[in-house]
Structure formats: C-alpha cells, structure tokens
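Make the full structure from the sequences, and use the hints.
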Amino acid sequence: MGLTTVDVILIVVSTILCLITVLLILWQAEEQMFVFGLRLSESVSTDIAGLITLSKGLAGDVELSYRNKTGEIDYSIMIKDKLVCVTATSTYTSTDCSSSAADITETKKVKGSGFNLLITKTNEKVEVET
Amino acid sequence: MPILILVFVGIAFFVAVIVLILNKYLDLRVVAYTADASRQATNLIHSILASNCTGAVEKKLVLDFYRLKEVPLDECENLEYDYNFSVTRIGDGYSKKIEKLVFNFDDQCYLSYQRIKGYVEMPVVLHYEPTREEGNYRAGIAKLTLMKTPLSELAFWISQASLRIKEGHDEEIIKSIRVGPEVIRIKIENGKICMNVKNVPNEVCKQLFLDSTAKVCRRKVSVDVILDPKFPTTDKDFKCNEEYDLPTYLELDKKCKMINIYANATDNEVKIIIPVSR
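Line by line, the protein sequences give chains R and C. First residue of the first sequence: 1, per our numbering; consecutive thereafter. First residue of the second sequence: 1, per our numbering; consecutive thereafter.
Treat the hints as calculated values from the structure; they're not laboratory data. Any given hint could turn out to be false.
What the hints assert, rightly or not - List of simulated lysine-lysine pairs, DSSO-like, C-alpha gap at most 30 Å:
#1 R:Lys125 x C:Lys192
#2 R:Lys108 x C:Lys96
#3 C:Lys175 x R:Lys109
#4 C:Lys100 x C:Lys117
Structure follows, in structure tokens:
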C-alpha cells in the first residue's frame with residue numbers, strides 16, 4: 001500500500017506544525033530562563049556581593065579579584081553602601097542587585113564587556129577598585 | 001498513517017499547552033535563589049565568626065563564648081536577608097542564639113521561591129573566661145540560617161529602588177512584596193524600617209540605604225490605581241518623610257497584604273511610594 005498525495009501533504013504539514021511548535025517552546029523556554037531563571041545580572045551581582053562579605057570575614061589584610069571576560073555581554077556595575085547592582089545586556093537585558101555585609105562608602109562604577117574587580121580589605125576597611 | 005500523524009500533532013499540542021498556557025515550566029528561581037542563599041550564608045558565617053574570633057587553635061577559629069554578642073551583629077548585617085545564628089557547645093548543648101527569623105513562612109501567603117533557605121554549619125572552638133589555659137577550650141558548632149523575609153525584602157527593594165533610579169538604571173520601578181497576616185504594623189523612621197509581628201515582643205528593624213535626595217512617601221490606595229500609568233505621583237495626599245524625623249505608620253489588617261513600592265525619577269529626586277491595598 002503506497003502513500004497517496006494526500007498522505008504526503010498531511011505528513012509535510014504535520015511535520016512543519018510540529019517543528020514550529022517545538023521552536024515556540026524553545027524560544028519561550030529561553031526567555032523564561034533569562035528572565036526568571038539564570039539571570040546574568042543576578043549571578044554576577046551575587047558573586048561580587050558575596051566576595052565583598054567574604055573579604056570582611058577573612059582575617060588580616062586580603063585582596064580578592066573577580067574577573068569577567070565574556071566579550072559578548074555588556075555589564076554596568078554599581079557598588080554603593082551595602083548594594084551591588086549589575087545590569088547585563090545580551091539577548092535580554094536585566095538588572096539585579098545583591099547585598100553584602102560590608103559598606104562600600106564610595107560609589108564604584110564599571111562598564112564594559114570584560115572587567116576586573118579588585119576587593120581589598122585593609123585594617124577592617126573594605127574597598128573595591130576596577 | 002494519518003493516525004500516526006495525528007498522534008504526533010496531538011503530543012506537540014499537549015506539550016505546548018503544558019508549557020505555554022499552564023506555565024508548568026520548571027521554576028528556575030527556586031534553583032537560582034537556593035544556590036545564591038547558600039553562597040551568601042557561607043560568606044556571612046565567615047564574616048560573623050571572624051568578627052568574634054579571638055584567635056586560632058589547631059587551625060580552628062576560637063570564639064569567646066561568654067562575650068559572643070547577644071545583640072544583632074550590625075557590622076555583619078545583610079540587607080537582603082535576615083538570619084538565625086547560633087553557637088552550640090558540644091556535650092551539654094548549651095547555646096547562644098540570635099534569632100531574627102520571626103515570620104511564619106508556613107502561611108499560604110508566601111510563594112515557594114520566598115521560602116528559600118541558605119543554611120551552613122561550621123565547627124568552632126570555644127574558650128571561657130577568665131583564662132585561656134588548656135582545658136578551657138570546648139568544641140562547638142556554629143549554625144547560620146538565612147532567609148528573605150518581608151522586612152528584608154522591603155528594606156532591600158526600597159534601598160535598591162533609590163540607587164537604581166538615581167543612577168539611571170531604570171526609569172521607574174514597581175515591586176510588590178507579600179506580607180503575611182502576622183505582621184501588625186510597619187513603621188519607617190530615622191532611616192530604618194521596622195515591623196511589629198504577632199507574638200514577638202520587640203519590633204524588628206532594618207537599616208535603609210537611601211540616596212540623600214530620596215523621599216519615602218506613603219499613601220493608602222488600591223493596587224489598580226498604583227499600576228495605572230496616569231497615577232498622580234505628585235498628588236499632595238502623599239505624606240513624605242524627607243528628614244526621617246517623623247514616623248510613617250502603616251496599620252495593616254489581618255490578611256495577606258501586597259505592599260507595593262513605586263519609584264519614579266522626577267526632577268532629579270527619587271520618590272518611593274508605599275501604599276497599602278485594602
């Protein structure tokens with residue numbers, strides 16, 4: 001029993017519909033991941049805030065360095081008081097803030113696709129440099 | 001053959017309904033927030049222990065048990081989270097505690113990603129006054145539990161809105177914070193936000209970190225009015241506390257409340273409006 005023309009048309013149309021549905025699902029999943037899940041701005045701000053807190057807890061003078069050399073993602077980082085705010089722009093743009101347990105009394109900003117942040121603790125005073 | 005095709009189409013449609021319409025996608029916020037909270041807890045316990053450390057014995061931190069601070073460790077305060085911290089002596093179980101998690105997270109008011117805990121334990125060595133002779137050291141366990149609470153979320157978002165609007169990250173911010181029925185009153189005074197919680201004798205407070213030009217204003221309105229783009233942000237019915245010398249009280253009734261924070265950059269000033277829906 002061979003395929004009729006109608007069968008072939010049905011197969012092609014059904015396959016195309018299935019592929020479109022799968023594509024829609026993947027796009028929605030990607031958007032959900034970047035907007036609600038693995039937000040680049042959230043992970044970077046948490047990492048930096050966590051390192052500032054850790055430096056406060058380590059004994060003696062200490063230097064910690066946080067590097068990000070992505071090339072494809074633009075970052076804007078703002079550090080003030082106990083807040084670390086990061087805006088990350090790639091396919092989607094998101095802004096998130098995290099908090100540290102140490103006050104950074106001067107406002108620090110950095111912009112660009114790659115950056116190196118130096119966290120220095122000297123005599124209980126925590127400073128951040130770019 | 002047509003039946004097989006129909007089966008494939010049916011399966012694809014079924015999956016699409018599940019993911020797109022019913023929104024039963026894995027909530028990655030739970031995974032991400034748990035990882036963040038655990039990481040923050042580890043770093044915070046290092047900070048708390050180091051600020052109380054009197055030295056090191058056999059590569060372990062030595063804490064002065066009787067001088068362990070019983071007041072909130074302000075220099076280790078984390079804006080985003082509140083925590084319970086305890087040091088327990090192994091053997092007799094005697095412990096010292098700082099408990100700031102006074103909210104009832106079993107209430108249905110709070111969503112799954114708001115009940116995330118960061119938890120860490122560390123072995124420590126405790127020593128006692130008056131001397132540090134050998135034999136005066138005892139083993140102990142330091143424990144830290146970290147959670148986001150309505151108090152920390154409000155303090156964090158008010159402070160964050162001030163910074164983000166001022167520095168031009170956002171034109172406006174609208175954020176809703178769920179507050180459970182156990183919270184009786186919210187007060188903003190002297191740069192702090194405080195809450196009175198049922199069955200908790202003392203109010204719990206958190207410092208706000210605001211730009212010097214920021215005003216914290218309050219008004220009792222419904223949620224629909226706040227989300228309207230034409231909502232009058234310069235309405236004189238708002239009561240703003242510019243110098244924080246007057247308390248701003250928000251009385252709450254006995255339901256799960258949505259506290260809405262609305263921040264808008266106008267004339268180089270940041271105005272944060274906290275209404276209460278009734």
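Going through the hints against the structure:
no. : hint                : verdict
1   : R:Lys125 x C:Lys192 : holds (24 Å)
2   : R:Lys108 x C:Lys96  : violated (38 Å)
3   : C:Lys175 x R:Lys109 : holds (25 Å)
4   : C:Lys100 x C:Lys117 : holds (14 Å)
Of the numbered hints stated above, the single one contradicted by the structure is hint 2.
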